[in-house]
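Here the structure of chain A is known, so what remains is to put chain B in place on it, guided by the hints.
Chains A and B, in that order, are what the protein sequence lines are.
Just so you know, the UniProt record's numbering puts 264 at position 264 of the first sequence, and the rest follows in order with no gaps.
Just so you know, the UniProt record's numbering puts 126 at position 126 of the second sequence, and the rest follows in order with no gaps.
Derived by calculation from the structure, the hints in this document are not laboratory data.
Hints may contain errors.
Just so you have them, the derived chain B footprint on chain A, three or more residues with Cβ under 8 Å [as the list claims (entries may be wrong)]: (1) 100-108; (2) 123-133; (3) 148-159; (4) 211-222.
Just a few of them, taken from the derived set where beta-carbon distance is under 8 Å, the chain A residues facing chain B [unchecked claim]: (5) Phe3; (6) Thr166; (7) Ala226.
Quick list of the computed label-pair ranges, beta carbon to beta carbon [unchecked claim]: (8) A:Glu290 - B:Pro178: 43 to 51 Å; (9) A:Glu180 - B:Leu227: 38 to 46 Å; (10) A:Leu88 - B:Glu264: 40 to 48 Å; (11) B:Ser2 - A:Gly208: 47 to 55 Å; (12) B:Pro178 - A:Val124: 30 to 38 Å; (13) B:Gly28 - A:Gly208: 57 to 65 Å.
We put the beta carbon where it would ideally sit given N, CA and C, even for glycine.
Listed below, chain by chain, are the residues.
2 protein chains.
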Amino acid sequence: MSFELSLNTGTTPNLTLEQAAAAVADAGLGHIGPWRHLLEQAGGAERAAAIITDAGLSATTLCRGGFLTASDDAGRAAALESNRAAILETAAVGAGELIMVVGGLPAAAGVLGGVGDPADKDVVAARERVAAGLAELVPFAAEHGVRLVLEPLHPMYAADRAVLSTLGQALDLAAPHPAETVGVVVDTFHVWWDPQLQEQIARAGREGRIASYQICDFNLPIAADALKSRGMMGDGYVDFATISRWVAEAGYTGPVEVEIFNEEVNGQDAALTLATMKQRYADLVLPHLEAGAAAAVPTR
Amino acid sequence: MSFELSLNTGTTPNLTLEQAAAAVADAGLGHIGPWRHLLEQAGGAERAAAIITDAGLSATTLCRGGFLTASDDAGRAAALESNRAAILETAAVGAGELIMVVGGLPAAAGVLGGVGDPADKDVVAARERVAAGLAELVPFAAEHGVRLVLEPLHPMYAADRAVLSTLGQALDLAAPHPAETVGVVVDTFHVWWDPQLQEQIARAGREGRIASYQICDFNLPIAADALKSRGMMGDGYVDFATISRWVAEAGYTGPVEVEIFNEEVNGQDAALTLATMKQRYADLVLPHLEAGAAAAVPTR
Numbered sequence: 001m002s003f004e005l006s007l008n009t010g011t012t013p014n015l016t017l018e019q020a021a022a023a024v025a026d027a028g029l030g031h032i033g034p035w036r037h038l039l040e041q042a043g044g045a046e047r048a049a050a051i052i053t054d055a056g057l058s059a060t061t062l063c064r065g066g067f068l069t070a071s072d073d074a075g076r077a078a079a080l081e082s083n084r085a086a087i088l089e090t091a092a093v094g095a096g097e098l099i100m101v102v103g104g105l106p107a108a109a110g111v112l113g114g115v116g117d118p119a120d121k122d123v124v125a126a127r128e129r130v131a132a133g134l135a136e137l138v139p140f141a142a143e144h145g146v147r148l149v150l151e152p153l154h155p156m157y158a159a160d161r162a163v164l165s166t167l168g169q170a171l172d173l174a175a176p177h178p179a180e181t182v183g184v185v186v187d188t189f190h191v192w193w194d195p196q197l198q199e200q201i202a203r204a205g206r207e208g209r210i211a212s213y214q215i216c217d218f219n220l221p222i223a224a225d226a227l228k229s230r231g232m233m234g235d236g237y238v239d240f241a242t243i244s245r246w247v248a249e250a251g252y253t254g255p256v257e258v259e260i261f262n263e264e265v266n267g268q269d270a271a272l273t274l275a276t277m278k279q280r281y282a283d284l285v286l287p288h289l290e291a292g293a294a295a296a297v298p299t300r
Numbered sequence: 001m002s003f004e005l006s007l008n009t010g011t012t013p014n015l016t017l018e019q020a021a022a023a024v025a026d027a028g029l030g031h032i033g034p035w036r037h038l039l040e041q042a043g044g045a046e047r048a049a050a051i052i053t054d055a056g057l058s059a060t061t062l063c064r065g066g067f068l069t070a071s072d073d074a075g076r077a078a079a080l081e082s083n084r085a086a087i088l089e090t091a092a093v094g095a096g097e098l099i100m101v102v103g104g105l106p107a108a109a110g111v112l113g114g115v116g117d118p119a120d121k122d123v124v125a126a127r128e129r130v131a132a133g134l135a136e137l138v139p140f141a142a143e144h145g146v147r148l149v150l151e152p153l154h155p156m157y158a159a160d161r162a163v164l165s166t167l168g169q170a171l172d173l174a175a176p177h178p179a180e181t182v183g184v185v186v187d188t189f190h191v192w193w194d195p196q197l198q199e200q201i202a203r204a205g206r207e208g209r210i211a212s213y214q215i216c217d218f219n220l221p222i223a224a225d226a227l228k229s230r231g232m233m234g235d236g237y238v239d240f241a242t243i244s245r246w247v248a249e250a251g252y253t254g255p256v257e258v259e260i261f262n263e264e265v266n267g268q269d270a271a272l273t274l275a276t277m278k279q280r281y282a283d284l285v286l287p288h289l290e291a292g293a294a295a296a297v298p299t300r
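The following block holds chain A by itself, in its conformation from the complex:
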């Protein structure tokens, strides 16, 4: 089966892994994308893997590694250590794919001296540190059968979350590494506005790097906590028909993960959230994935 729906646990932040897995199974879905803190809460990645398997589910991705932009040695070493641990957890939980949010400017992350130091606002240098950190992690990830999945974030988060802002940039960053070890995620919230989106999705397909398709809407106004501007599909301004068609035309047939940070959605009953996302997916997304798949060019 293609295009199976998966729940990213960021959508149901008040549930334990056990509760989330039960809700997903009750909704008739087969996949879950957990966040790392739920693994820790469950007693470790092996125990989390058992919870997921016992519920009859599989893990699609693990959220998240990354944050590779520290400009000091200690910060850099800590980030690499955290990412190695995340790689091991990804393997143990059976997800195979670790989502990487690469980190923002040190000035915004508070890593060094704060907003006053011009060197901490050098986005070009921050990107070079991401590339260097990725290169250090790739052999370790490959050794453990884990794929590092680069996530371009919406440019509104470029200062504080990710100096990786477009799919094209993610593919350039991935280029020196094998496609089976470094992939990219297409997240509709982050990339819908990109004038190069169609060509870069097609390129990602040709290069065998589309590791995940994550969906949610782009709502307005931007939420007071900007991270929570993600919305249920259909509530905002994303053209799911077009983007879903492009993703499927590029050859992607894997799970489709719903990740929504939104006060209202996060606070409501998980069964309602799952029922709504299933319906919206069926109405707004899946038909266009299927149409795209019918027109897809074969890829490796």
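For chain B alone, kept in the frame of chain A given last:
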């Protein structure tokens, strides 16, 4: 003289044109970039031109035309009419350059049926309408000696303000038209995050299209009214040293306009704002423009 500072009146929204012109002259600056409503308030573009000239100033740009994304005939006709009026005002006020904010999705602008109609979220189609509208306006602008200046806006405004999000996209949109009639503006707030910024600024210089360099900072957190997240240079996360060097290396030597929408800055005494922006400009921007100019490749 190169790199002369200009005040965009969006920075001092509580002042009339006469008051703003006086404040600019008192601060020892020679340029002002007015918004259209100040022209109307002053009794028309000719009267506004006299106010600006009498204060010993010149107008750098007029804000703004654009909003070309309506998908209905009436909306489209109204937009073209408004733009023709703005072109005439630009000529009359002596600015020569009309800043164009191209418009967002009809779904977000409330032009048609609202968020429910998928066709109103088609960003590709909205961009095609911008290109068509621009093509209709170019001969009229050329006839009146006015340059239409395309402004890529930060992607956080792609839904409701501008489906034009990157400098590269602006240059592609400008490409069919003469450089003397269609230019682009480099606004640090909007473009600082762009991984292609260096190459696209260089391209804009080669193509003779840099019409304006607008500066302000990118502040966090994003303001409750997202439009007001712009900050005084040095208060946020923009690397002014690097971007200013690139702009000057690309051959730009014109005015540098400060446009800040920010509750605190907009509410304070204009003399303080002007003094602060002069100081920050001297400290954080001008030295890097001068260094870039020294290394600039000659352009037409």
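Hint check:
no., hint, verdict
1, 100-108, "holds (count 3)"
2, 123-133, "holds (count 3)"
3, 148-159, "holds (count 5)"
4, 211-222, "holds (count 4)"
5, Phe3, "19 Å, violated"
6, Thr166, "6 Å, holds"
7, Ala226, "5 Å, holds"
8, A:Glu290 - B:Pro178: 43 to 51 Å, "46 Å, holds"
9, A:Glu180 - B:Leu227: 38 to 46 Å, "44 Å, holds"
10, A:Leu88 - B:Glu264: 40 to 48 Å, "47 Å, holds"
11, B:Ser2 - A:Gly208: 47 to 55 Å, "49 Å, holds"
12, B:Pro178 - A:Val124: 30 to 38 Å, "33 Å, holds"
13, B:Gly28 - A:Gly208: 57 to 65 Å, "60 Å, holds"
Hint 5 from the list above is the single one not met by this structure.
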